[in-house]
Amino acid sequence: MSADTLSAFVDNAERHHATVHRVEPDAVAGTVAELVDPPAVGVELPWEFDLPESVATDPTPAELDAANTGVTAAGLGIADYGSLVLESDAAGSEAISLFPERHVAVLRAADVVPGMREAFGTLGDRLRAGAGAVLATGPSATADMGELVIGAHGPRAVDVVLVDDGGERADTLAADGGGGDE
Amino acid sequence: MSRSDSREATANRIEHLLDTEGDAVAENTRGFNRGRYESTDELDDYESLKSEARAIKEDAVERLPELIDELRDSVEANGGHLYVADDAADANEYVREVVDGGSVVKSKSMTTEELELNDALRADGARVTETDLGEWVLQLADEEPSHIVGPAIHKSREGIAELFRERFDPDDPPETAEELTRFAREKLLSEIRDADVGVTGANFLTADSGTMALVTSEGNARKTAVVPDTHVAVAGVEKVIPTVEDLAPFVELIGRSGTGQDVTSYVSLFTPPTPSPPVEFGEARGASAERTESAEPDEPMAEPGTAAGDGATEPHPDREFHLVLVDNGRRSMREDDDLRETLYCIRCGACSNSCGNFQSVGGHAFGGETYSGGIAAGWEAGIEGLDTADEFNDLCTGCTRCVPACPVEIDIPWINTAVRDRINRSAEPGEFDHLVDGLVPDEESTGLDPAKRLFGNFETLARLGSATVPVSNWAADLGPVRAAMDRWLGVARDRELPSFERETLVDWFAARGGPRVPEGMARREAVIYPDVYTNHVAVGRGRAAVRTLEALGVRVRVPESAAVGSGRAPLSQGMVETARRSAERCRDVLLPEIEAGRDVVVIEPSDLAAFDREYERLLPTADAERIADGSYELLEYVFGLLDNGADPEGLTAGDGEAVAYHAHCQQRTLGLEAHTVAVLERLGYGVTTSETECCGMAGSFGYKSEYYELSMDVGEPLADQFGDAARVLASGTSCTDQLDALLDGSTEHPIEAIAPPEP
Chain A
27 MSADTLSAFV DNAERHHATV HRVEPDAVAG TVAELVDPPA VGVELPWEFD LPESVATDPT
87 PAELDAANTG VTAAGLGIAD YGSLVLESDA AGSEAISLFP ERHVAVLRAA DVVPGMREAF
147 GTLGDRLRAG AGAVLATGPS ATADMGELVI GAHGPRAVDV VLVDDGGERA DTLAADGGGG
207 DE
Chain B
-9 MSRSDSREAT ANRIEHLLDT EGDAVAENTR GFNRGRYEST DELDDYESLK SEARAIKEDA
51 VERLPELIDE LRDSVEANGG HLYVADDAAD ANEYVREVVD GGSVVKSKSM TTEELELNDA
111 LRADGARVTE TDLGEWVLQL ADEEPSHIVG PAIHKSREGI AELFRERFDP DDPPETAEEL
171 TRFAREKLLS EIRDADVGVT GANFLTADSG TMALVTSEGN ARKTAVVPDT HVAVAGVEKV
231 IPTVEDLAPF VELIGRSGTG QDVTSYVSLF TPPTPSPPVE FGEARGASAE RTESAEPDEP
291 MAEPGTAAGD GATEPHPDRE FHLVLVDNGR RSMREDDDLR ETLYCIRCGA CSNSCGNFQS
351 VGGHAFGGET YSGGIAAGWE AGIEGLDTAD EFNDLCTGCT RCVPACPVEI DIPWINTAVR
411 DRINRSAEPG EFDHLVDGLV PDEESTGLDP AKRLFGNFET LARLGSATVP VSNWAADLGP
471 VRAAMDRWLG VARDRELPSF ERETLVDWFA ARGGPRVPEG MARREAVIYP DVYTNHVAVG
531 RGRAAVRTLE ALGVRVRVPE SAAVGSGRAP LSQGMVETAR RSAERCRDVL LPEIEAGRDV
591 VVIEPSDLAA FDREYERLLP TADAERIADG SYELLEYVFG LLDNGADPEG LTAGDGEAVA
651 YHAHCQQRTL GLEAHTVAVL ERLGYGVTTS ETECCGMAGS FGYKSEYYEL SMDVGEPLAD
711 QFGDAARVLA SGTSCTDQLD ALLDGSTEHP IEAIAPPEP
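Quick note, the sequences are listed as chains A and B, same order. Heads up: the first sequence is residues 27 to 208, going by the working numbering. Heads up: the second sequence is residues -9 to 749, going by the working numbering.
Hint data in this document are derived by calculation from the structure and do not stem from the laboratory. All residues carry an ideal CB built from backbone N, CA and C; glycine is no exception. It cannot be assumed that every hint is accurate.
Interface residues of chain A toward chain B, partial, derived using beta-carbon atoms under 10 Å [said to hold, decoys possible]:
#	residue
1	T98
2	A117
3	R143
4	H179
Modelling step: build the complete structure from the supplied sequences, incorporating the hints.
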């Protein structure tokens, strides 16, 4: 992924009130540990990076209810908007990214695409295979109470741990034969 | 109710809304509208994205039956159910069976408002809670949405705080927007936790995958779809598009067009039933016994060791999904040449936010049973019928400011015109119709409202007016005459009426001795179209146009034969057949001029807009195109002459004089504001342009008794902006009249500023 695309991603994510932390692969666990506001629940990442001990995986509904932070993977980043593509899965990533006040998303630099067009190009085959996802841009918000409020039903704060792993985009969203073409 | 009583009722209703909701609606919609301009400016390919979105919708509606079949296959292959409901009762019956009296949480859905689904479910004893904060506020207040995107924009923060105090009597009453949001979030979370069924709408449905896109910001739709194990999505049949890839332009356009956000916080792309495990929090207060018993809040949601991405393409075994596609009149709209475009609507709210009248009164006046804003005429006529559309259709003045704002390029003013025409034709004859009988041709039905007849045939009135000056002007100014006009014809008493000139522009030009630039010396040859208003009322600007063009070396003619109405006036009253006759007469005189190599120069922007925008609907395409190509707005024409080397020496330069300029709404839609500004600047004027979409007069609208107050309210921002201006210029006649009324001054056409002095 080009440096311009990555810096556009960072700028646009921050414009939408997310905070981006660029880290090397070996710093993922440490950075996540610093970011979480305990108690934290999370989903095991699909890559070689581990989550810190302080993040409880395989959470129960009661743990989810009590959690202040949810940690999940993000399958894609969209540079033009600073958006994350969060796939739904059997592990409960959707709920874990949604209920706690703070969402910490781990995103690999190689998975950042330039724009909507590329994102939907990748999503097409995934969704046709039955997958679902949410394009999430910044924290939840509402203007229904008389002025803009950050933090409505969903998280109030979003941190993106952007991992500069130097790798090529691999199989994050391409398990069923889809995948990007760049 | 007699017509004058019904006018008074309308005026009272509008005045009440202006007082109670107008300020909140104005602040919100104008904020959204400014956001739209800023946000769409960031897109390099804005126009092509709109055209792409339009093409996708045209294709999808054209192929709707086959796309519904494909969508059904996709949904069923995923393990869900698809039901096509013929009407509201059918849809409600299906959802009632699924819900079976259980507890329901809903995310915002205009389609379920249309169905009145909540009432149907409650009749079975179901507990139904809206989870969108705005919808929830309205549910608590028992009010209707005032905007299709921001349903509670008419409520102030203070009003919401008071509502919460009344309904919940909390120990520590929330006051700030932040506190109100927290309070609502907690209240609604307990409803979501206990719900048996989540009901959502869908912004788009992709036939190839069975995916539904939901465009939201609060996160309530995600919770609604993921917490209960049963998800019901309700959407109009027109929401189906062919493929996932087709979503891209819509996702880029919908937030920008609606609220001015480049993208909303969440665009959910559910392909239900989803793989996400339902979240069973337990402690179910309002939930069914079954759900309480099955809840295991201390067991992991997923099989231990499940990693991100696992099972992502498999539906969770406990989940159930029902997609209810609603017809309710839509398949008939698809067969209807005038209403079909309505089905392309993506419900972004841009036509509401860009509309001067909507900004002042909101959807409680400018709306029907469910839908509001410009596009509502199409939805309400198609779904509810003409009677419902008739209640608010007048509020579309045809200013066309929604046209460039619409992300799918719907000609919303035309839909309103077509609906108005149908309303006119379905009306019963009235008691005072004989007063205007002479003014209306045979094409229109006898039930047409007298005010519409009067304004729709201003041409005849103007001819009579000039012929009988000064008696016509004296008579029109007499108190008893104005009272009678107000009562019987619905002409607002407070409006100054146009004052007719005895010598028309055509007569003046003939008396002067015809063209003054000799044929051999002419840079170009042009015909100035003597529109009704310039010819009979604002003759000065016509004379200024002649002097200006002659000074720039154009051989100008103002032929008497061309002094025929363009059809704009009848069109604005929905008198489509009368407008067609006018268009044909106009074509018969203008086409030979164009074919003889003469340019047609148009002073009144609304007439040029008729040539450019509406003639394609009234005349054979080839004729309409030739007229549109051969005609120019006056200052656009001057711009072209100067740009091609004409010498501005003989014109009146500005020498730095400051002028405030309000371009006509339809002129701006045609992209012709910039030409006037450029000419004025080139001649040394310092130009401030207005930031208002429309002055509020909008042709005859502001003359109508029942809309006078609204018209003046719409003009208020313009009065604020131009209040201190020493010299005010406006291109449209109705804008000129409105600015004169608002500013108590005398507004000129830009041509009167730059024309050589009268000899």
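Evaluation of the provided hints:
Contact between T98 of chain A and chain B, as hinted, is supported at the beta carbon level, the nearest pair being about 6 Å apart and thus within 10 Å. A least Cβ separation of about 4 Å between A117 of chain A and chain B falls short of the 10 Å threshold, and the interface hint therefore holds. Against a cut-off of 10 Å between C-beta atoms, the interface hint on R143 of chain A holds, since the closest Cβ of chain B lies about 5 Å away. The closest approach between the C-beta of H179 of chain A and any C-beta of chain B is roughly 4 Å, which is under the 10 Å cut-off, so the hint is satisfied.
Against the hints set out earlier in the document, no violation occurs for any number.
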